[in-house]
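Fit chain B to the given chain A structure using the hints.
Here is how the chains run, residue by residue.
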Amino acid sequence: MLQAAIILKLWKASMMQAMEYRGSFAFSIIANFFDFIFGFLQYLVFFTAAQSIAGWNSDQMLVLYGVFMLVFALQFIFLYPNLVAMGDMVNSGNLDLLLTKPVNAQLILSFRRISFEELGSISTALVLLGWLTVKGAINLTPASVALFLVAIVAAMLLIYCLFLLLMCLAVFLERLDNMAQLMWSMFSLCRYPVDVYPARLRFMFFSFLPVAYIASVPASALLGTASAAQVMTGMIIALTATFATTLLWRRTIRAYTSAGG
Amino acid sequence: MIQSKISQSFSAHLATLRAHFKIIFTYRGMMLIQAVRLLLLPLVLAAAWLSIEKTAENPYSDADYLLYYLLVPVILNLTDSRLVFRFPMAVRDGSLSRELLKPFPPLSGYALESIANNLIQLVYLLPFTLLAGYAISDRLQLSHINLQLLLFMVLAIMLGGLVRMLISGSISLVGFWLEDVTTLNLILNGGIWALLGGMIVPVATFPQHIRYIAELLPYRYMLSFPIEIVTGRLSQAQILQGFAVCLFWSLLFALIMRLIWKRGLKVYAAYGG
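Chains A and B supply the protein sequences, listed in that same order. With the first letter of the first sequence counted as 1, position 71 gets the number 79 in my numbering; the numbers rise by one all the way through. With the first letter of the second sequence counted as 1, position 101 gets the number 134 in my numbering; the numbers rise by one all the way through.
Chain B on its own, in the form it takes in the complex:
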């Protein structure tokens, strides 16, 4: 009985994911604009870091910076979550009411939409990343990369995506009470993430005390951590420790999200439509 329920739910999720793939693929043009946005800033930052005069304690070489910003658009995209834009919109335009009537959890639907979106975006990002990687291949150091590191990286990306989705989800669920969560998102998800997640400055190059804070916060695991694994500068213990911190935040926000969802549904009164 339970087993058939689980398999039923699984196939429903799979079918929804497939449907989202098809829907998103019809908006290819939009994806191209998004790709330009994802690629441009890392390019600018790579150029900036290659022309800086480093502080004495900065461990990264030019090759490290190149590999780092080569991978940033891909990781940035894969761990991205659109939940925080999608959910408040669904509350506002009333489509959430319709979703609630379906025998399918609405939040899973939005999450799957976000995942499908991120995966399809790879169609634009990967060719560019491979081409760019080929163009600078003589300046990259890849000899240390092995299967184990790559597996760790994939796991780290999945965990990073999960924690970002849960945080975005928690923020977006505040939309039950607040009409506009963009400011909250800007601070918790955008601002601190850009500062301490590894976008502007790779986390490994921070001075000791800032790095320590960054490693405790969840933001590093959404961007910097998977790339740090590939650069081969983390010991196995450090990698496992990273996974532990990331898991802790995932569990915490999963709990928070569940709590907000239950409370929020009670105060939710549909309008619009």
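Same shape as in the complex, but just chain A:
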């Protein structure tokens, strides 16, 4: 409870900080909006030379894009600013300071900051999904909505695992710039359905490298083509991975012998 209160206070602080630079805040919202539009145009352009891709037609691909943007924007709001701050924390020695405080370091480090620059993308993604529902590309049923929600939670957990892995790497290497770049590279794997990859790679993406559960599975859950077993497998993998990476984080912190200063 106390931890949650602290995080809420920190969020408020980072919001106030963002509001100090209103000009640049407005600018980045516009930039993100264009980013969304160009991402959207990419699919339209893609389908000038293709009819369907691995069995997904253009409407279904747009559903995938909407879900992808939703997941991407969520990680951008909650995780990305913390990832950027982490390299600095280790380098400047502020990490040592935080570790001595009576708080859960993992929680605070993961959710210390929040960035609202991608709020625009969330709303545009929701508008896109809403429009596709009205258009009839998405057929909402209670079952598909429930599966979709479970799949989205699993997707966020998996991204959190990747985030935590990169945080461990930052502590371990004592310096790691461009971590966000590594994370975004991974996202380019999710822009197209996993069905496009060769069988062996696809198997990996459904198991050891669970890329499939980040956008493809939630999107097919929304489209009603995912089985409950598939979504549940994703959830189990996500929970296991969260547990494993948390353990890894604890070990990394135990082995940490301070850096910078």
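A few of these clues could be false.
Derived Cβ-Cβ restraints for the label pairs, each shown as a range [said to hold, decoys possible]: (1) A/105 with B/184: 57 to 67 angstroms; (2) A/206 with B/179: 47 to 57 angstroms; (3) A/211 with B/43: 51 to 61 angstroms; (4) B/43 with A/192: 38 to 48 angstroms; (5) A/244 with B/156: 34 to 44 angstroms; (6) B/274 with A/247: 35 to 45 angstroms; (7) A/211 with B/58: 46 to 56 angstroms; (8) B/156 with A/192: 51 to 61 angstroms; (9) B/155 with A/192: 17 to 27 angstroms; (10) B/298 with A/247: 53 to 63 angstroms; (11) A/206 with B/295: 47 to 57 angstroms; (12) A/100 with B/280: 48 to 58 angstroms.
Hint data in this document are derived by calculation from the structure and do not stem from the laboratory. Ideal Cβ positions, reconstructed from N, Cα and C, are used throughout, including at glycine.
Just chain B, lined up with the frame of chain A:
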């Protein structure tokens, strides 16, 4: 007199390039991350294009797509320009003021830094490209490639790099007036480039009317054009026509850049440092 000045300037440029090589090489780790970024998206796109159901007018076969996306990371890297990130940073942190005092054109310095960066990146990219090419060698068609095509490709890469650098440069020089040029860059350089330059969709596979627009815009020459030459689907006339369009854009943006630079320096007042 003039001759000695030219040779002096040339050796200064060469020395700067060499210095940048050394500086960049100390940041090898960063280059590796950059390499992952350069390789991953073309891989994803190649997988996507191999599993599509094509439209009737799409001329590319699987072999074409494989060759295309095998070369994309290399061309993408070689024609890349960091000027648009580098220059606004120099304005903001004040290092431009220092550069201006040196008897060496600052823009050349940033351009050389960018070139050195792109060349060193090949150390990571080429081994991977050769390995990947070997792995899929039975699915590639390379028999039509001859020396002339390769020379055309090298020329096209150099021109493409030039036009991208000039456009990036023009955008970044707007940084004299605007504090943040990333949005402008995102639209003019990133977005349209990704759509019509041949990243997502090879330009040759567009429907007629879109292809026509793409061939007139400068973006095709930064990525798609050099690869189109290698695929051997362009006639000599088409290749020369491409060079002409690319040269036109280079000259235009060289003029624009010069104009902005002269105007911008007058309004530039240093801050930071």
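Status of each hint after checking the structure:
For residue 105 of chain A and residue 184 of chain B, the hinted distance range of 57 to 67 angstroms is satisfied, since their beta carbons lie about 60 angstroms from each other. The given range of 47 to 57 angstroms is broken by residue 206 of chain A and residue 179 of chain B, whose C-beta atoms sit roughly 32 angstroms from each other. A C-beta distance of roughly 56 angstroms is found between residue 211 of chain A and residue 43 of chain B, which places it inside the suggested range of 51 to 61 angstroms. A hinted range of 38 to 48 angstroms for the beta carbons of residue 43 of chain B and residue 192 of chain A is consistent with their spacing of about 40 angstroms.
For the hinted restraint 34 to 44 angstroms between residue 244 of chain A and residue 156 of chain B, the CB-CB distance of approximately 42 angstroms keeps it satisfied. A beta carbon spacing of about 59 angstroms between residue 274 of chain B and residue 247 of chain A contradicts the range 35 to 45 angstroms that was offered as a hint. Separation of residue 211 of chain A from residue 58 of chain B is about 39 angstroms and departs from the stated range, judged on CB atoms against 46 to 56 angstroms. Checked against the hint of 51 to 61 angstroms, the C-beta distance between residue 156 of chain B and residue 192 of chain A comes to roughly 23 angstroms, which is inconsistent with it.
Between residue 155 of chain B and residue 192 of chain A the CB atoms are about 23 angstroms apart, so this pair conforms to the stated range of 17 to 27 angstroms. The hinted range of 53 to 63 angstroms is satisfied by residue 298 of chain B and residue 247 of chain A, whose Cβ atoms lie roughly 59 angstroms apart. A beta carbon spacing of about 55 angstroms between residue 206 of chain A and residue 295 of chain B agrees with the range 47 to 57 angstroms that was offered as a hint. For residue 100 of chain A and residue 280 of chain B, the hinted distance range of 48 to 58 angstroms is satisfied, since their beta carbons lie about 49 angstroms from each other.
Against the hints set out earlier in the document, violations occur for numbers 2, 6, 7 and 8.
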